Amino acid sequence: MQESGIAERPVAAQAAGAPPARKPAPGPELAASIYAEGNRLLRADEQSMAIAKFLDAADLRHAMGAFKGALMYFIGAGITRNTGEATRLARVCLELDPPAHVAEACREIVAESLGTHNAVGFLREDDADMARAVEARKSRKKLLVGGSGVLAVLAVAAVVAGIFWNQKRSELDVPPAAGAAALVSPAEAEASRKEGLALIAGLKAAASTAQQAASEGSPVRKNDF
Amino acid sequence: MKTGRATNPLTTLPGALISSIAITFGALAHAAPIDDALAAYESSKFDQAGDLLKALEDKDPRAAGVTCELLVRKLLPRDDERGQQACETAVKGHDPHGLMWRSRAGERGFATLGFPPSDVAALGYLAEAAEAGYPPAFARLCERFLRKGEAQKAAPFCKYAAASNVPEGLYQYSMMLLEGKGVVQDFKKAMVALTLSAQLNHAPAYATLAELARNGANGTPKDPIKAYAWLLLATAADPDSQELAVARESLAKEIGESRVSTAQKNAAKWQARPAPTSRDFYAAR
Numbered sequence: 000m001q002e003s004g005i006a007e008r009p010v011a012a013q014a015a016g017a018p019p020a021r022k023p024a025p026g027p028e029l030a031a032s033i034y035a036e037g038n039r040l041l042r043a044d045e046q047s048m049a050i051a052k053f054l055d056a057a058d059l060r061h062a063m064g065a066f067k068g069a070l071m072y073f074i075g076a077g078i079t080r081n082t083g084e085a086t087r088l089a090r091v092c093l094e095l096d097p098p099a100h101v102a103e104a105c106r107e108i109v110a111e112s113l114g115t116h117n118a119v120g121f122l123r124e125d126d127a128d129m130a131r132a133v134e135a136r137k138s139r140k141k142l143l144v145g146g147s148g149v150l151a152v153l154a155v156a157a158v159v160a161g162i163f164w165n166q167k168r169s170e171l172d173v174p175p176a177a178g179a180a181a182l183v184s185p186a187e188a189e190a191s192r193k194e195g196l197a198l199i200a201g202l203k204a205a206a207s208t209a210q211q212a213a214s215e216g217s218p219v220r221k222n223d224f
Numbered sequence: 000m001k002t003g004r005a006t007n008p009l010t011t012l013p014g015a016l017i018s019s020i021a022i023t024f025g026a027l028a029h030a031a032p033i034d035d036a037l038a039a040y041e042s043s044k045f046d047q048a049g050d051l052l053k054a055l056e057d058k059d060p061r062a063a064g065v066t067c068e069l070l071v072r073k074l075l076p077r078d079d080e081r082g083q084q085a086c087e088t089a090v091k092g093h094d095p096h097g098l099m100w101r102s103r104a105g106e107r108g109f110a111t112l113g114f115p116p117s118d119v120a121a122l123g124y125l126a127e128a129a130e131a132g133y134p135p136a137f138a139r140l141c142e143r144f145l146r147k148g149e150a151q152k153a154a155p156f157c158k159y160a161a162a163s164n165v166p167e168g169l170y171q172y173s174m175m176l177l178e179g180k181g182v183v184q185d186f187k188k189a190m191v192a193l194t195l196s197a198q199l200n201h202a203p204a205y206a207t208l209a210e211l212a213r214n215g216a217n218g219t220p221k222d223p224i225k226a227y228a229w230l231l232l233a234t235a236a237d238p239d240s241q242e243l244a245v246a247r248e249s250l251a252k253e254i255g256e257s258r259v260s261t262a263q264k265n266a267a268k269w270q271a272r273p274a275p276t277s278r279d280f281y282a283a284r
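Sequence order for the protein chains is A and B.
Just so you know, the first sequence maps onto residues 0 to 224 in numbering that gives the first Met the number 0.
Just so you know, the second sequence maps onto residues 0 to 284 in numbering that gives the first Met the number 0.
In short, the hints are calculated from the structure, not lab data.
One or more of the hints may lead you astray.
[Said to hold, decoys possible] Dumping the calculated DSSO-like pairs for lysine-lysine here, alpha-carbon to alpha-carbon at most 30 angstroms: (1) B:K147 / A:K167; (2) A:K167 / B:K91; (3) B:K91 / A:K203; (4) B:K187 / B:K147.
Predicted, not measured: the structure shown is a model, and the values here were computed from it.
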């Protein structure tokens, strides 16, 4: 965010390469017109010229001029970054009773808590947009705080639900009330019994034949097969 | 006018009632010894059962069958002569329980009571017990064929034993369903068979359920809390098993106190029911 070679406070007329103009009589209208010119130069991406205008406006006790000057020093746009100077201008801004959203941003510059991204946003937006952006930020903050609360509650609920679910899931499986009939129907059971007995009969017959052959006619004991 | 002749109280209606009750009680009193012996045996009071059976086993094949089992299983002090006599009495009387245990006494690798080992004879006794419609004999045949790797032959015996609520039969059938050996693999049915066997307090069923829940295998989600609860029930059903005790302790260390406590609560809710006794199987024949 630092632009090298621009270390000193520029003067708008000098920066433009024009001969020094007649110094206008100070007054709110003049300050406003210098501030408006600064905004125009900023939009035209003439940052060095724009900061010179904002500083001039600040010198004329223009709160917004001081604010934008502070922003440009804060992020190093069109001038070497200088948080000290940014803080000084933000304090000037605060002395001049700026709109609430500007005052809040100035306080953040003083506290060095203003994010660079937000500072760039403030600088690019016109005053009305800036007010809306500030409101949006506030809403986002509220949403963030509210959302965090909701998330915390949801997280606690999820943990509790997880514990209960785990307990429920880990409960032992209960066999069906129908008992073994749920596994093997009576018809199947009877068929299996018959199949088993047929198998036994087959084995017995085979064993008997084999034994008879082996013992050459010796009597087969009843339970040997 | 009434005479002073005394009437026989037994010829009156209340008298007849009294006499019939007396006869019934007399019959019950006569039947009592075998029932007392079986009751002692079913409640694992084996020494008491052994004493009561002594007076009955020469004449009653059923009493002889139970004595045969107690001596084969070494639940009574060793007495080969008594054991052989009891088993033979049971066999002669075609008592299915006795046939089943005579079979065991002659199995190669298990032979006891001085019986010569013969797998063929053992199978013969078992077959006769099955032919007599005794479901535990079907379970034993199932186990025997499975042990020999003949799952297809085992299938009908396992299925019938399972349908008859024999805990071992249910367990063996569940293993066949889990592995898809001799029957079509079916995890859902296997779980039903396993839980039914566990409900009859069969320790191997509890242990298998624990193993499935611990490893998350065969369609069972991994759940160490459930595994621990099953192991608690397994060790309660088979307190002598060192293997189960070690598995339980190892899992307890793995899951921590809080989960152990949840598992204990879940295990406490489990309701086992008494396994059918030999008397139930006799009655169902």
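So, against the hints stated earlier in the document, which numbers end up violated here? Failing hints, ascending: 1, 2.
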